[in-house]
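**Q** Spelled out from the first residue to the last, the chains are:
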Amino acid sequence: MPQCIALVDANNFYVSCERIFRPDLIGKPVVVLSNNDGIIVARSQEVKDLGIKMGAPVFQVQGLINRHKIQLFSSNYTLYADMSSRVMSVLEEFTPCLEVYSIDEAFLDLTGVCSDDPIAYGQQIKKTVFRSTGIPVCVGMGPTKTLAKLANFAAKRWKQTGGVLDLSDPARREKLMRIVSVKEVWGIGSRIAARLNQLGIRTVWDLADQPVDRIQDQFNITIARTVMELKGIACLELDAVAPDKQQIVSSRSFSHRLTECRELSEALSEFCSRAAEKLRHQNSVAGYISVFLRTNPFNLDEPQYQRAAGLTLPFATQDTRVIVATANRLLKSMFKPGYRYQKCGVQLGKIAPATVPGQADLFEFAAGDAGHRAQLMQALDQVNRRFPHSTRIAAAGFDQSWKPKAERISKRYTTDWEELVIVKC
Amino acid sequence: MHIHLVQLLSPSKTPTALALPLFTGKVAAGFPSPADDYIEKTLDLNELLVQKPSATFFARAQGESMLGAGIHPDDILIVDRSLEPVSGRIVICALNGELVVKRLKNQAGQWLLASENPYYPDIPLHEELEMVVWGVVTNVIHPL
Chain A
1 MPQCIALVDA NNFYVSCERI FRPDLIGKPV VVLSNNDGII VARSQEVKDL GIKMGAPVFQ
61 VQGLINRHKI QLFSSNYTLY ADMSSRVMSV LEEFTPCLEV YSIDEAFLDL TGVCSDDPIA
121 YGQQIKKTVF RSTGIPVCVG MGPTKTLAKL ANFAAKRWKQ TGGVLDLSDP ARREKLMRIV
181 SVKEVWGIGS RIAARLNQLG IRTVWDLADQ PVDRIQDQFN ITIARTVMEL KGIACLELDA
241 VAPDKQQIVS SRSFSHRLTE CRELSEALSE FCSRAAEKLR HQNSVAGYIS VFLRTNPFNL
301 DEPQYQRAAG LTLPFATQDT RVIVATANRL LKSMFKPGYR YQKCGVQLGK IAPATVPGQA
361 DLFEFAAGDA GHRAQLMQAL DQVNRRFPHS TRIAAAGFDQ SWKPKAERIS KRYTTDWEEL
421 VIVKC
Chain B
1001 MHIHLVQLLS PSKTPTALAL PLFTGKVAAG FPSPADDYIE KTLDLNELLV QKPSATFFAR
1061 AQGESMLGAG IHPDDILIVD RSLEPVSGRI VICALNGELV VKRLKNQAGQ WLLASENPYY
1121 PDIPLHEELE MVVWGVVTNV IHPL
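So the sequences go chain by chain: A and B. Quick note on numbering: our numbering labels position 74 of the first sequence as 74, and the sequence is numbered without any gaps. Whatever position you read off the second sequence (first residue = 1), add 1000 for our numbering.
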C-alpha cells in the first residue's frame, strides 16, 4: 500500500491567532512584526495582495501602512505557542503518527487511515481544526513528504481546491508540476533553483523528470532524494519522536538558604549563563527550557515546596539573553514567598545543531538579527574565557531591559487570567 | 510548541498530570505514609469543566444583558468552540466584528440572539447582520 502523508499548514498563522480575538479585523489588512517591531514576519492575505513582502522592514512600507490603515501587531509568542499547541492536539486525533514540523505546520501519516476518500478526510481535518481553534489551515496530501508539501502549496495558492489537495494520482501530479516553478519545491533554495534554471530545469516537472543519478552527480544526495520524493518514492520518514534527547543541566545547592525571588533569580541567571555557554561550545541550540526550585527535602521541620516548569520556545536559541529571560519568567511563575530555598537550576532540552538545513526562514526573522546575536554571544564567551565569569547577563532588577521592544503586543488571551478576551452581554 | 507551565488554573492538555513534572515523588528518606494506599486522586476542576482542552477558551463578561442566565459583569465564561451551537444554547458570537454573549434561539423559523434581561432587546438575525458563532458557553465562574 502506498503511503499517504498529509501536510497541514496554518494560513497566515500569526495573523490568524490575532484575528480569533479580534473579529473586527477579519477581512482587514493585518501584519505581525518581529521581536523588535522592526520587520514584518506575518501578513494577512490583504497585505500580501498589496505586494508587501515577508521580511520587509516596517519603515520601508510605512506609506502603504498609513494609506491602507494596516493594523500592526508586535509578535505575541505566548499566544502563538498556545494556539499552536491547540492545533497540534486537534491534529493528533486524526493520525497515529504526527510530526510537528514547525509552529504552524505538521506532517500526518494517514496511510491506511483514509484510503477510500482522502479528500473528504482532509476536509474533515480542516473543518475540525477551524471549529475547535479558529485557525484556518490547508491540507496537502501525497505519497511522500515532498509531494505533501507541494500539494499544500497548491491548496493555498488555488482557491478552487477548497484548501485540500491530494496528489496521489500521478497524472494529476504531472499536470500541477508542469505549471509550478521549481523554486517552490521543499528543500530547493533560491541558489539551487538558480543553478537548476541554468540547466534548463524550470518547473517542478522538469526536476521530477530528471534521472536521479544525474542530479546526484551534479548536486548532492539531498537534492537527489528530493527528486525521488517528487517521483513518489518516499525517502524521508516522519520524525514523530523528538530526535534529540540530549540535555544540559546547570544547578547547585546554595551554601545558605535563599528566601527572596531576587536572590534566586540571580543564581538562576548565573546557571543559565553557564548552560548557554556549554550549548554554544558544542555549537547547538536549545528549543526547551525548564527550571526547578525546591526547599531542603530532608529538613522536615521546615515547610516544603518544590516546583518545576518548562516551556518550548517558538524558535530554538543559544542566546544567553533569551535563556535567562525565559528561565526568569518560569521562576516567577513558580516562586512562592515564605520558604527557605535550598536548590534551583535550569535544564535545556530539545537540543539540535545550530544550523539545521531546511529550517523555515520565518524563524530567522522571528529570532531577530541572528547574525548580530551570534557575534555578541561569541564576544561574551571570549571575555569569559579570558576572565572567567567576569561578564554576566544582568538578571533581576534589570528585567525590563531584556524585553524586546513590543509596543503593539496583543493580550495573552489564553494564558493569563488578567488578559482574557472581553465579551459583551 | 507546547507550553507546559505550572499553572493550575489553565485548561492544560492533560489537566492535573502536568502540574508537577519534576520532584513529584515523596521524599526518599523516611517511612512511607500508611495512608498512601488510600489516596485515589484529588478533585480536578478541569475534569469537571473542560471537556476538550484544545477547544476551550475563557472569556470575561461585560454588561448585564445576561443576568437572567446567571452571567454577571466580570464573570469568567468557559467556552467550548467544538460544541454545536443549537437553539437554546448560550453562545459567544462575532456580531458585526464585536464578541457578544446571547442565547441562540429559533422561534418559529426565526433565529434570534436573545437577552436574559427584560431591559435588553432580542436581536433577530437577518441577511445584513454579519454573525458568526465563536463558541458555546458551558459554564460561568462567578465569585461570591
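Where hints are given, some of them may not hold.
What the hints assert, rightly or not - Below, in silico cross-link-like pairs of lysine to aspartate or glutamate (EDC-like), each with a Cα-Cα straight-line distance of 20 Å or less:
#, chain 1, residue 1, chain 2, residue 2
1, A, K424, B, D1044
2, B, K1052, A, D82
3, A, K231, A, E302
4, A, K411, B, D1074
5, A, K424, B, E1130
6, A, K343, A, E263
7, A, K424, B, E1047
8, A, K69, A, D49
9, A, K127, A, E93
10, A, K127, B, D1074
11, A, K350, A, E277
12, B, K1052, A, E277
13, A, K411, B, E1098
14, A, K424, A, D24
15, B, K1052, A, E184
16, A, K28, B, E1128
17, A, K424, B, D1074
18, A, K175, A, D213
19, A, K126, B, E1084
20, A, K127, B, E1116
21, A, K159, A, D49
22, A, K126, B, D1080
23, A, K28, B, E1130
24, A, K424, B, E1098
25, A, K332, B, E1098
26, A, K28, B, D1074
27, A, K231, A, E174
28, A, K127, B, E1084
29, A, K278, A, D301
30, A, K424, B, D1080
31, A, K411, B, D1075
32, B, K1052, A, D24
Stated by the list, open to error - Now the stretches of chain A that chain B is said to cover, found in silico as 3 or more residues with beta-carbon under 8 Å:
#, region
33, 86-98
34, 408-421
Hints in this document: simulated from the structure, not taken from any laboratory. Virtual Cβ for every residue (Gly too), placed ideally from N, Cα, C.
**Q** Check whether the Cα positions of K424 of chain A and D1080 of chain B lie no farther apart than 20 Å.
**A** holds (17 Å)
**Q** Holds or violated: K127 of chain A with E1116 of chain B, Cα cutoff 20 Å?
**A** Outside the cut-off at roughly 32 Å; violated.
**Q** Holds or violated: are the alpha carbons of K343 of chain A and E263 of chain A at most 20 Å from each other?
**A** With Cα atoms ~12 Å apart, K343 of chain A and E263 of chain A stay inside 20 Å; holds.
**Q** Hey, K231 of chain A versus E302 of chain A, does the alpha-carbon distance stay inside 20 Å?
**A** Not satisfied, since the Cα-Cα distance of roughly 67 Å exceeds 20 Å.
**Q** Would you mind confirming whether the straight-line C-alpha gap from K424 of chain A to E1130 of chain B stays at or under 20 Å?
**A** holds (16 Å)
**Q** Does K278 of chain A pair with D301 of chain A here, judged by a C-alpha cut-off of 20 Å?
**A** Given pair K278 of chain A, D301 of chain A is violated - Cα atoms ~38 Å apart, limit 20 Å.
**Q** Do at least three Cβ atoms from the region 408-421 of chain A come closer than 8 Å to Cβ atoms of chain B?
**A** As far as the region 408-421 of chain A goes, the hint holds, because 6 residues have Cβ atoms under 8 Å from chain B.
**Q** Does E277 of chain A lie within 20 Å of K1052 of chain B when you go C-alpha to C-alpha?
**A** At roughly 41 Å apart (the allowed maximum being 20 Å), E277 of chain A and K1052 of chain B break the hint.
**Q** Are the Cα positions of K424 of chain A and D1074 of chain B separated by 20 Å at most?
**A** holds (10 Å)
**Q** Taken at face value, is the distance from the CA of E1098 of chain B to the CA of K332 of chain A at most 20 Å?
**A** violated (34 Å)
**Q** Between K424 of chain A and E1098 of chain B, does the CA-CA distance stay at or below 20 Å?
**A** holds (8 Å)
**Q** Straight-line Cα separation of K28 of chain A and E1130 of chain B no greater than 20 Å?
**A** The given pair, whose Cα atoms are some 15 Å apart, holds under the 20 Å limit.
Violated hints for the displayed structure, listed by number in ascending order: 1, 3, 7, 10, 12, 15, 18, 20, 25, 26, 29 and 32.
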